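Dock chain one against chain two, each of which comes alone in its own frame, and use the hints as you go.
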Amino acid sequence: MSKKCTVPFSGTKEQESELRSALSLLKNKEGALMEALQTAQGIYGYLPKEVQEIVAEEFGVSLAEVYGVATFYSQFSLMPKGKYKIGVCLGTACYVKGSGDVLAQVEKLLGVSAGEVTPDGRFSIDATRCIGCCGLAPVMTVNDDVYGRITADGVAAILAKYKD
Amino acid sequence: MDVKKLEQIKARALKNMGPRAVETDYGKERTVLVCGGTGCTSGHSRKILEEFKRRVAEEKLDVKVIMTGCFGLCALGPIVVVYPEGAFYAQMTEDHVAEVVEEHLKKGNVVKHLLYKETVSEDGGIKPLGETNFYKKQHRVALRNCGRINPENIEEYIAFDGYKALAKALTEMSGEEVIGVIKASGLRGRGGAGFPTGLKWEFTKKAAGDKKFVACNADEGDPGAFMDRSVLEGDPHAVIEAMAIAAYAVGSDQGYVYVRAEYPIAVERLKIAIGQAREYGLLGKNILGTDFCFDIDIRLGAGAFVCGEETALMTSIEGKRGEPRPRPPFPANKGLFGKPTLLNNVETYANVAQIILNGADWFASMGTEKSKGTKVFALGGKIAHTGLVEVPMGTTLREIIYEIGGGIPDGKAFKAAQTGGPSGGCIPASLIDTKIDYDSLTAIGSMMGSGGLIVMNEDNCMVDIAKFFLEFTVDESCGKCTPCRIGTKRLLEMLTKVTEGKATEEDLDKMEELCHYIKANALCGLGQTAPNPVLSTLRYFRSEYEAHVKEKRCPAGVCKKLLRYEIDKEKCIGCTACARQCPVGAITGTLKNPHEIDQNKCIKCGACQEKCKFGAISKK
Chain L
17 MSKKCTVPFS
27 GTKEQESELR
37 SALSLLKNKE
47 GALMEALQTA
57 QGIYGYLPKE
67 VQEIVAEEFG
77 VSLAEVYGVA
87 TFYSQFSLMP
97 KGKYKIGVCL
107 GTACYVKGSG
117 DVLAQVEKLL
127 GVSAGEVTPD
137 GRFSIDATRC
147 IGCCGLAPVM
157 TVNDDVYGRI
167 TADGVAAILA
177 KYKD
Chain E
28 MDVKKLEQIK
38 ARALKNMGPR
48 AVETDYGKER
58 TVLVCGGTGC
68 TSGHSRKILE
78 EFKRRVAEEK
88 LDVKVIMTGC
98 FGLCALGPIV
108 VVYPEGAFYA
118 QMTEDHVAEV
128 VEEHLKKGNV
138 VKHLLYKETV
148 SEDGGIKPLG
158 ETNFYKKQHR
168 VALRNCGRIN
178 PENIEEYIAF
188 DGYKALAKAL
198 TEMSGEEVIG
208 VIKASGLRGR
218 GGAGFPTGLK
228 WEFTKKAAGD
238 KKFVACNADE
248 GDPGAFMDRS
258 VLEGDPHAVI
268 EAMAIAAYAV
278 GSDQGYVYVR
288 AEYPIAVERL
298 KIAIGQAREY
308 GLLGKNILGT
318 DFCFDIDIRL
328 GAGAFVCGEE
338 TALMTSIEGK
348 RGEPRPRPPF
358 PANKGLFGKP
368 TLLNNVETYA
378 NVAQIILNGA
388 DWFASMGTEK
398 SKGTKVFALG
408 GKIAHTGLVE
418 VPMGTTLREI
428 IYEIGGGIPD
438 GKAFKAAQTG
448 GPSGGCIPAS
458 LIDTKIDYDS
468 LTAIGSMMGS
478 GGLIVMNEDN
488 CMVDIAKFFL
498 EFTVDESCGK
508 CTPCRIGTKR
518 LLEMLTKVTE
528 GKATEEDLDK
538 MEELCHYIKA
548 NALCGLGQTA
558 PNPVLSTLRY
568 FRSEYEAHVK
578 EKRCPAGVCK
588 KLLRYEIDKE
598 KCIGCTACAR
608 QCPVGAITGT
618 LKNPHEIDQN
628 KCIKCGACQE
638 KCKFGAISKK
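Sequence lines, in order, name chains L and E. Under this note's numbering, residues 17 to 180 are what the first sequence spells out, in order. Under this note's numbering, residues 28 to 647 are what the second sequence spells out, in order.
Among the hints, erroneous ones may be present.
[As the list claims (entries may be wrong)] With a Cα cut of at most 25 Å, we get these calculated DSS-like pairs of lysine-lysine:
id, chain 1, residue 1, chain 2, residue 2
1, E, 638, E, 598
2, E, 366, L, 45
3, L, 45, E, 638
4, E, 347, L, 45
5, L, 65, E, 546
6, E, 42, E, 133
7, E, 133, E, 74
8, E, 640, L, 124
Read the hints as simulated data drawn from the structure, not as lab findings. In this text the structure is predicted, and so the values were computed from the model without any measurement.
One chain only, chain E, in its complex shape (with noise of 0.2 Å):
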């Protein structure tokens, strides 16, 4: 393989891609694209795939039937989107597939009732998706290809530029002028802490060593993201290409993906991609017909948040406990096997080839002026449009939500929205208008984290969710340095005291005090930042946390203890069903008349609110 040879694939590819190729004029092809994501193979989109092609082979249609990655619409999957016209089906099932066939692949009629409504126009016709709310404010840089190529082909990888970076790197430019590239640009990690990405691969090339390694965190713990997976299920040779060009830059022969286990299908289509690379001479000896030689291994994780932490993670890949440990030395210096690695994130490294092919200038032209280029985020919780967004740095938490994300169902009112996961904080609807980048979010006491948004309304009791997240890392938390491992647990006794009713506000400022300590002190990134959630809802939402303590009362209706489970007398005709339902004897009341519930007895287990079939029982 050499360049000549990559630019002849390349040309041949391309025709093959027929309409997906938009910038060239190949045919009116008629191509199926069904998404092999995660959330849409949960959906079974696999036997819609199954389908469309069974029926195409058995009517012998002159139609392509592709699999892909994720469209990002997933609150709207099983997805299938049909090329020329680019008919975008939403909530597809096995049973749909024979219309499609009969009416669309056989006819030319799109079936109008099973596409996503917003793309039907008022006349009747199809709006391009790009025209929609959900995509109309997205940029797609890192996801590019997500929804585009089928992800188990290098040559339709191949066909949208795919390597050209790699080979522009190998033959027209030097270790350090990449590295320049990539300093210019301003990218930033894009696992969390923003750290300038050109910075840490200068430092791993000058540190000194004969061996270097190359690492890419693909352990993505953050509950409620799942922005780096998509890329892996979707693009996955973009990392690859990536991880090659850093290695050419910092001068490492070997490479590692360090991915977590829960991932299956990332996993596999990550051995495919490496598998099609080898085979292609794109990884392995003498590259592209260089001396530059490179290989990349796998290495599985097996559940634990605190292998995403760098210094961990590398202990991790040496197949220990992924206990962290402190830096410096930092991994540029010290790190796999005690030798120099240089360790980014998925989405950090899915920006490097379309920077190295484009220029420093393009990437630094979007965004902010500290925060370049685009970033991924994870939509979830109570939003209409659950699923993945790529949009420009700067843009506003509100055009996130209500524009692309489609506001807040049932006719809810938004009440926060979460970033960086357990790391991070919450953003109050007050600060919807904020600016997302790094430093506005850090500024706010959240974080930007790897791009999880978890969307949360008036439901929601904000006690509750702090709680959540201090469950999880005291559940996470590998036990090395006591500010995390006792700190974080005395601190969750405290949140349920709350929740409970039994704290006192002494406590609060307390909590408060316990938060400053173990992010002063703890070891590593996750004990640092895991009093955040804390803190940022005690900043933002005290008046909920003095509702626990002084009121005793659960404003969101959510903590159990707090609850008073109330009987209507109007409503109650007197059955006795409750009470004989009541486990503890706590109502009282006789045949034909109003119950009672005494408080003092009640252990809110809520049976006698099902038991009820006149609707007389509610929680307060």
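Looking at chain L on its own, in the form it has when it is part of the complex (with noise of 0.2 Å):
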């Protein structure tokens, strides 16, 4: 959670008016700021202290409170993501697979760790639980793309093919 964003905020009025009325929806809903910062995340791709704010005012909270959830769960990141998102699985069954090399090697190839995103915004890469394919461990994805059974080897070839 140290790590620090230097990506400044580009949010839009149309990002703004999207996420406020979703909020409306949400906000007598018992319950309902996960399903909040959820939504946010799916509009802006990463929660910033800006949207953080907007939740905080339309659900009448502090934002101590939204930042406090926003930290504790692994899936609401605070830095943009890149635009291929890159996860290595590090599940057991990928681990005892070697998941940990491919890991390595990625970070090697693109010069940035784990939970970190590439200067020009093109990469980021998580280390992430486990995806539910063991069969085909280990495994990592390249946004909705998913490649099993790699090695080290393997990831140039990978990353390779998400050029532009």
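In structure tokens form, the structure reads like this:
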């Protein structure tokens, strides 16, 4: 959580009105703060302070409470993700089959660590929990594409597919 | 909707099931089933499904193409099954579809070279799936509809007695009678701890309060476990029906399913199923023409392992930080929003309708003395048949690994099986004949857990595995109580010392002491069980820890800091490539003469080994 976000916030008016109208439907539902943050992350791709402030204002709770929830759950991100979101599964089944080496290779090739995004904003890396296709272990995902039974040597070829 | 209408739908739906309704004789209509579980979907089974549909439509064939839930044999996915032959096609691709359509669907010739090899008998005929090693010893109760029905069609669920148990409970039984049956069946919670389900229901029923909740724990966070996901993906109505039965029994009108957001397919199918149940009058007001009203809401998790703990889960449903709280009060008395709440796991619920329909004695006839029924396991790791299996309690680990699981690939030796995830322990080869049930696993220092079963071979280092789980718990500890927050962190530091060869024998004793301290003092189940992976590996693989500590050696060759890279003087031709590659100048030697690695300078990066074209550099 100590990683600083260096990308300036660039939310649009359209995004804000979309968020506010979604929140107006949720705010009277009991216990809907997580759902609100999930919606917000769906609109902005991440949860910068500016977005958390909108949620706090609409829900009538403190920013601290929103921040507390946003930082508790690993799916909420306070930093923007890359255009291509790489996930390397570190679930047990993948780990015993060498996904740790795969992650190291991805980090080495992109020059950033898990939880970070490349300076050009193209790739972000996440070490994910089990995504459930243990039959394909070890598994790596790029956005919605799933690559199974990969080795550290195969990483470069996969990354090469995401050039633009 | 009333009971009579439900029976009419069943009769109509059963006819539509064609050859899948094996106990009936509804003709030889050809049906193609394509697995739509997460494993097969990752292998592009959706494209295979579309390709079948497209070709069947194009050729105007009288063939049904249906997406189902998981067949269990994920290692061989994507899987396609064609009825009435029951031909089991494995590792299908889009390119194979044309051949199956042309040969099998049009001409009736099973395409044998694409079949799962074990289903082809020696004389070239097709063996029924139930006779293969993978399925022979399985007994499917919780998974009975997975791989059989289309989970997005409620009528297919109704065809196989779906919602009949709810109808029976509502019209023929009192709430107390329902609880009596569940108690008598001996069903215990499938989420891990194994608490008797009927008792939990009884406590919730007896709790004072006008408003009560029924919740389902589908926050399957144990890495490498996918039992609950497969049930939700393959048979979501089984969970909905059971929650309705539970709600009737304890007197609730509102249910919540808390499901991991990492399971998009399961969430989608559950949403569809809840929508259809409402449409058919099986959720909502006055269900099946009675006074009983009940509805279900889905709440998505957001990636916090601790939310699988019951009190944390409820706090999370309330939209807060998912921190656990001390018990008592137990959720049965004070749960969601402070009201009495019944919380069961997905697989527990998946057994309920069958128990109501077939009776407590039927269920209690399966399993061992104290653990009744069956258990679903997710087999993963170094095993041939990665996948989902359901076996009666009391099946031995050997049967699961060698007969059903097909053994360890590549001729390697079995070293240990890990059950219970980060809360469980490692079972060594010497205990492979243990009959698996709740109590036997606890007795040997592991636990049933939710059902993840990861197999490890000789290449896995047990200290590294313990460290892997500790890293997981340190990361997932919510930070509320000190023994877990700081204790697991210190424990991980000690383990790291071991893997780096810096630990002393005294450290091993200290580690053990700290483990017992954390177990005794942590607030919730996550912390109390966090030391289990360390304790069980210390118990059964102490010599491996000692090799790290005394000999500064990792016997499995996993712990990087303890590796030694060495140059074989016979194979080295002195090309100098490695010396030029070495980032720290640890390799010395002259052209055309064998080189040498200075172990004091070497940082074990492995760059030299990658560069060597002659295989002269090995790691030990």
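(message) Run the distance test for residue 133 of chain E versus residue 74 of chain E: straight-line Cα separation, threshold 25 Å.
(response) With Cα atoms ~21 Å apart, residue 133 of chain E and residue 74 of chain E stay inside 25 Å; holds.
(message) For a C-alpha distance cap of 25 Å, please report whether residue 347 of chain E and residue 45 of chain L respect it.
(response) holds (14 Å)
(message) Run the distance test for residue 42 of chain E versus residue 133 of chain E: straight-line Cα separation, threshold 25 Å.
(response) Status holds; Cα separation ~23 Å.
(request) Verify the proposed pairing of residue 65 of chain L with residue 546 of chain E, using a straight-line Cα cut of 25 Å. (result) violated (38 Å)
(message) Need the status of pair residue 638 of chain E, residue 598 of chain E: alpha-carbon distance at most 25 Å?
(response) Since the Cα atoms of residue 638 of chain E and residue 598 of chain E sit roughly 14 Å apart, the hinted pair holds (cutoff 25 Å).
(message) Please verify whether residue 640 of chain E and residue 124 of chain L have alpha carbons no more than 25 Å apart.
(response) Judged against 25 Å, a Cα distance of about 22 Å means the pair holds.
(request) Take the C-alpha atoms of residue 45 of chain L and residue 638 of chain E, compute the straight-line distance between them, and say whether it is at most 25 Å. (result) Outside the cut-off at roughly 61 Å; violated.
(message) Between the alpha carbons of residue 366 of chain E and residue 45 of chain L, is the straight-line distance 25 Å or under?
(response) Since the Cα atoms of residue 366 of chain E and residue 45 of chain L sit roughly 17 Å apart, the hinted pair holds (cutoff 25 Å).
Of the numbered hints listed earlier, those contradicted by the structure are 3 and 5.
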